[in-house]
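Chemist: So the chains spell out like this:
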Amino acid sequence: MNEQAKTVRGAERYKAGVMKYAEMGYWEPDYEPKDTDIISCFRITPQDGVDPIEAAAAVAGESSTATWTVVWTDRLTASEKYRAKAYRVDPVPNAEGQYFAYIAYDLDLFEPGSISNLTASIIGNVFGFKPLKALRLEDMRFPVAYLKTFQGPATGVVVERERLDKFGRPLLGATVKPKLGLSGRNYGRVVYEALKGGLDFTKDDENINSQPFMHWRDRFLYCMEAVNKAQAATGEIKGTYLNVTAGTMEDMYERAEFAKELGSVIVMIDLVIGYTAIQSMAKWSRANDMILHLHRAGHSTYTRQKNHGVSFRVITKWMRMAGVDHIHAGTVVGKLEGDPATIRGFYDTCLDEHTPMNLGNGIFFDQPWASLNKLMPVASGGIHAGQMHQLLHHLGDDVVLQFGGGTIGHPAGIAAGATANRVALEAMILARNEGRDYLNEGTDILQAAARNCLPLQQALEIWKDVTFDYSSTDTPDFVPTATAAA
Amino acid sequence: MRVTQGAFSFLPDLTDDQIAAQVNYCIANGWAVSLEFTDDPHPRNTYWEMWGHPMFDSNDPAAVIYELNECRKAYGHLYIRLSAFDSTHGWESVKLSFIVNRPKEEPGFMLERQESRGRTMRYQTRTYATGKPEGERYQT
Numbered sequence: 001m002n003e004q005a006k007t008v009r010g011a012e013r014y015k016a017g018v019m020k021y022a023e024m025g026y027w028e029p030d031y032e033p034k035d036t037d038i039i040s041c042f043r044i045t046p047q048d049g050v051d052p053i054e055a056a057a058a059v060a061g062e063s064s065t066a067t068w069t070v071v072w073t074d075r076l077t078a079s080e081k082y083r084a085k086a087y088r089v090d091p092v093p094n095a096e097g098q099y100f101a102y103i104a105y106d107l108d109l110f111e112p113g114s115i116s117n118l119t120a121s122i123i124g125n126v127f128g129f130k131p132l133k134a135l136r137l138e139d140m141r142f143p144v145a146y147l148k149t150f151q152g153p154a155t156g157v158v159v160e161r162e163r164l165d166k167f168g169r170p171l172l173g174a175t176v177k178p179k180l181g182l183s184g185r186n187y188g189r190v191v192y193e194a195l196k197g198g199l200d201f202t203k204d205d206e207n208i209n210s211q212p213f214m215h216w217r218d219r220f221l222y223c224m225e226a227v228n229k230a231q232a233a234t235g236e237i238k239g240t241y242l243n244v245t246a247g248t249m250e251d252m253y254e255r256a257e258f259a260k261e262l263g264s265v266i267v268m269i270d271l272v273i274g275y276t277a278i279q280s281m282a283k284w285s286r287a288n289d290m291i292l293h294l295h296r297a298g299h300s301t302y303t304r305q306k307n308h309g310v311s312f313r314v315i316t317k318w319m320r321m322a323g324v325d326h327i328h329a330g331t332v333v334g335k336l337e338g339d340p341a342t343i344r345g346f347y348d349t350c351l352d353e354h355t356p357m358n359l360g361n362g363i364f365f366d367q368p369w370a371s372l373n374k375l376m377p378v379a380s381g382g383i384h385a386g387q388m389h390q391l392l393h394h395l396g397d398d399v400v401l402q403f404g405g406g407t408i409g410h411p412a413g414i415a416a417g418a419t420a421n422r423v424a425l426e427a428m429i430l431a432r433n434e435g436r437d438y439l440n441e442g443t444d445i446l447q448a449a450a451r452n453c454l455p456l457q458q459a460l461e462i463w464k465d466v467t468f469d470y471s472s473t474d475t476p477d478f479v480p481t482a483t484a485a486a
Numbered sequence: 001m002r003v004t005q006g007a008f009s010f011l012p013d014l015t016d017d018q019i020a021a022q023v024n025y026c027i028a029n030g031w032a033v034s035l036e037f038t039d040d041p042h043p044r045n046t047y048w049e050m051w052g053h054p055m056f057d058s059n060d061p062a063a064v065i066y067e068l069n070e071c072r073k074a075y076g077h078l079y080i081r082l083s084a085f086d087s088t089h090g091w092e093s094v095k096l097s098f099i100v101n102r103p104k105e106e107p108g109f110m111l112e113r114q115e116s117r118g119r120t121m122r123y124q125t126r127t128y129a130t131g132k133p134e135g136e137r138y139q140t
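Residue numbers (the numbering used here), protein chains in the order written: chain P, 1 to 486; chain C, 1 to 140.
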């Protein structure tokens, strides 16, 4: 299908009136993207009767220089350079009426170091465009030159581990529950018990900011008492993600400064604060030796459905550029959306030096990361100690495993819940490193560890039947081809 | 108390065979294994004393266990940790670290609080053992 419409050139191109986008220079099937181009892959669903090539050209046009009619003022610019160019349109496997459109954008279309500027073009007007039923941004390829204009993660996985003195295993965390309603004093109790019991981190939830039942200063003070007490009780560095999300940047800076003054190693923000605010907090975090945790509050409104919105792999890329240190990226086995291959794609995007194209994991492009720091993925939501072998298998070593209910809901208390998780994790790492088939022997490994650890015995017993076995919505469109060896 | 630094502090102390299996894993990954000891396990005490250089060129777990036992002969009353270092670009840091020897009694840490402006508190963690001069800590 990559033929048909041809670009009209010369004076004809600029005659007043309406012209097809594909004829205006937004469809260039012979175009070879430059190394310095930004490339987007969109899933387009044209309205009935709309030619997919014209739809792709329209997306290119509306996300770069075009308006609905010809304008003579194009001739005052190097307009051919500034036009985004759709150069490839493929039908989506097993999805009638949907197409993958590849569009290349010249680097000069974008302000250096600004996610807001990038997104204003790429997901600006175009998502409401009438000739399309639906539109999804599947993936993006960023040139090294552009990545180098971004700070990247304020701390990064390696320095985070060095600063916390924790190597060779996933980090462990828990979100304080109930997420709303606890007073500062009661909240700090949960933090202390969980950290003393063996977790590395506890976490504010996304919607804990400064409410009538607990104002932010009170929470910060009690939490840091808990952190320091647990640190002295164990000899280990501990942290709690103090959520500094607030109504204004001024309030966020005030809260972050107070967290710093109290000696916290980490602060937290929510995705809903917006890209500019995220970049500002990343810059603040770099300047103040702070780890920056991002909770992806709100993302499922646009990442989950396959035909419309923005894939989370793109959000992950933007967030690695914007400069956060932690991002919730799925659990595979927990209670929230997450197909294993798709989640692997997110994790690779966080952690790789160079992410190779891998359609089976939903990765459409080779992506060099230009030495931007690595971003620590966080797995949170409906996970427990009995799944430790599966978690390690799917998620690897560089991840924060957050057991909220799986810590606080332990029958013998919060500290026991934390200990159960830590023992399960250490036993699994030990076995994996010893070369055991830990995925298949996982249950035996956990049972053996539980013989020395009553809290783990209790955890395995109470949650033994808990699984969340539902099919995922956001899955890759390409199935890896079986090879002779496989 | 029990200092829970390192990857395996919540498990029963590892036997030498278990330690050797971990060393084997490190060597197979191309990481350099090293031993370090200290009489001050403060969580912010980054630089423990080195027992020689990291063993960049050793591919024999038995050699590491031999060195560990030599180190134990000299400093068996202190903390000893085994670390594995990965020099791959993009990491260039420690990949695994765990305690392989600890004092019989671990006195732990004192948390000191200094009440400051407003309700702000300044915290200081002090290693009880460092109340004694170097060389006299953990002696029974």
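Hint data in this document are derived by calculation from the structure and do not stem from the laboratory. It is possible that some hints are incorrect.
As the list claims (entries may be wrong) - Taking beta-carbon pairs under 7 Å as the criterion, some of the chain P residues facing chain C (in silico): (1) S79; (2) E80; (3) V126; (4) G128; (5) V158; (6) E162; (7) L164; (8) G198; (9) V423; (10) F478.
The structure presented is a predicted model; accordingly, all values stated were derived computationally and were not measured. Quick reminder that beta carbons are idealized off the backbone N, C-alpha and C, glycines included.
Chemist: Could you work out which earlier hints the structure fails to respect and list their numbers in ascending sequence?
Modeler: 1, 2, 3, 4, 7 and 10
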